[in-house]
Amino acid sequence: MELQELANILKTVESESNSVNPNALIKGISFNSQEIQEGFLFIAIKGYQQDGHRFINNAIENGACGVIGEQEITDLSVPYFQVDNSRNALSIVSNHFYNYPTNEKIVIGVTGTNGKTSTSYLLRHILENNGLSCAFFGSTKNIINGESYPTVNTTPNLLEINRLLAGSRDEVVVIEVSSHALTQYRVEGIYFDYALFTNLSQDHLDYHGSMEEYFGAKKKLFEMLKDEGKAIINTDDLWGEQLARQLEDESIPTLAIGENEKCDVKLESYTTNPPSLQLKENNESILIKPLLYGLYNMYNIAMAYGTAKQIGVNTKGAIEAVQHFQGIEGRFALTELNNGATLVVDYAHTSDALMHCLKTVRDNCEGNLIHIFGYRGDRDPGKRRDMISISSEMSDRYILTFDDLNSVSPEEMKNTLISYQERYGNDKGIVITDRTLAIEEAVKMAEMGDWIVITGKGHEKYQQQYHYPVHNDEEAAIYLTKAKD
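Position 310, counted from 1, in the sequence shown is what UniProt numbering calls 310; the numbers after and before it change by one each time, with no gaps.
The set of hints was computed from the structure by calculation and includes no laboratory data.
Worth double-checking, as some hints may not be accurate.
Dumping the calculated DSS-like pairs for lysine-lysine here, alpha-carbon to alpha-carbon at most 25 Å [as the list claims (entries may be wrong)]:
1. 428 to 414
2. 105 to 309
3. 230 to 359
4. 219 to 289
5. 359 to 316
Note that the structure is predicted; figures quoted are calculated from it, not measured.
Starting from the given sequences, assemble the full structure and let the hints guide the process.
This is the structure:
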């Protein structure tokens with residue numbers, strides 16, 4: 001792609017410059033000035049902590065052949081293209097540069113507050129086990145051609161998606177699509193064959209402001225469906241039911257998942273110990289015996305199963321794949337500890353996810369339920385009271401501790417935890433700010449048959465350094481159980 005093409009692609013004009021070669025061949029694209037090499041195009045994006053426009057000169061010094069930005073700038077030594085929205089421009093240009101790699105694949109987007117990762121992994125597992133190679137972009141990792149790559153956000157920006165897919169031989173792409181990604185144009189320019197809605201509950205209101213705005217952000221995914229695309233929706237969720245009604249009014253085909261008799265894939269019955277799920281599809285009853293626990297996982301299974309059937313997987317193949325699915329790191333991940341207790345590490349960080357997680361443990365735990373959790377700094381404080389209320393009601397003992405502090409000071413977060421315990425907790429709970437010491441205390445409390453449940457971080461590594469030299473919750477519990485022996 002040449003620089004001269006940008007004006008037409010972006011529907012903008014090039015500012016005057018002293019460039020000796022305005023028609024230079026673009027060799028690469030980046031919005032990070034430190035990644036710029038000779039012949040790269042730099043896109044200046046105004047972020048939430050840094051403004052990329054401040055680094056335009058650095059990018060030019062590193063070899064940028066052109067710059068895209070939102071500010072009015074006229075004195076650069078390379079061509080400059082002013083646009084209304086740099087994030088949107090990044091998506092448009094990267095699609096063109098990489099020749100729209102998603103156009104040749106079946107593209108599936110999964111959105112919702114809870115269940116995105118589990119549903120996406122389940123779906124990928126079903127497809128892979130039925131002969132369809134499947135790329136994956138999500139909160140735990142990205143997978144292309146069977147190879148795993150690290151990820152920073154739940155949904156990468158389209159530049160990263162296109163870069164990885166440009167060399168992909170996969171037939172299908174499954175993308176976890178967060179509300180942030182939808183409002184920040186990270187998937188702008190992708191057209192989806194299937195869009196899944198798992199559920200909606202309070203989260204990210206520090207960013208969106210209200211549940212209505214949060215729902216509006218999620219709905220953007222369904223505006224990106226291809227003309228022949230289809231929505232798969234959990235209509236037992238109140239927001240899902242509302243979405244289904246809206247899409248019906250817009251004549252968008254929808255597959256309804258839920259317990260209602262009118263659902264296309266109906267959850268007829270389920271048990272939690274041992275796990276089993278009976279679905280009804282086209283008046284046929286289908287029995288699945290998964291390895292996954294919890295009612296919420298039954299919905300994840302139904303969503304993944306229903307989508308796989310739409311793509312062409314047969315019933316037997318879908319059932320067999322689900323029944324062999326082992327689960328995901330950090331999503332209700334079970335470990336038997338040396339002291340006879342059971343450890344659960346789960347990513348639950350909303351009140352709804354926490355309630356479902358603890359209820360699943362209650363259904364299977366014969367001993368005491370010991371719960372460890374915290375609050376993330378700089379994140380939606382509106383869910384905190386509900387979270388401690390749920391834990392204090394459903395746990396036998398609970399420990400409030402640090403989660404990611406982000407920009408909040410340790411002293412401020414400590415005071416927050418103490419305040420919530422005093423105002424909304426009960427005598428089942430204590431505050432231990434060091435997360436590894438909190439886990440150590442839980443290990444000391446636990447006896448054979450008890451369950452230790454650590455929520456909030458899931459698969460993620462610790463941001464802060466703690467007392468013990470471990471990197472995540474599962475590692476901490478195993479280390480401290482061995483130390484106790």
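Structure-based check of each hint:
| no. | hint | result |
| --- | --- | --- |
| 1 | 428 to 414 | holds (18 Å) |
| 2 | 105 to 309 | holds (17 Å) |
| 3 | 230 to 359 | violated (33 Å) |
| 4 | 219 to 289 | violated (33 Å) |
| 5 | 359 to 316 | violated (31 Å) |
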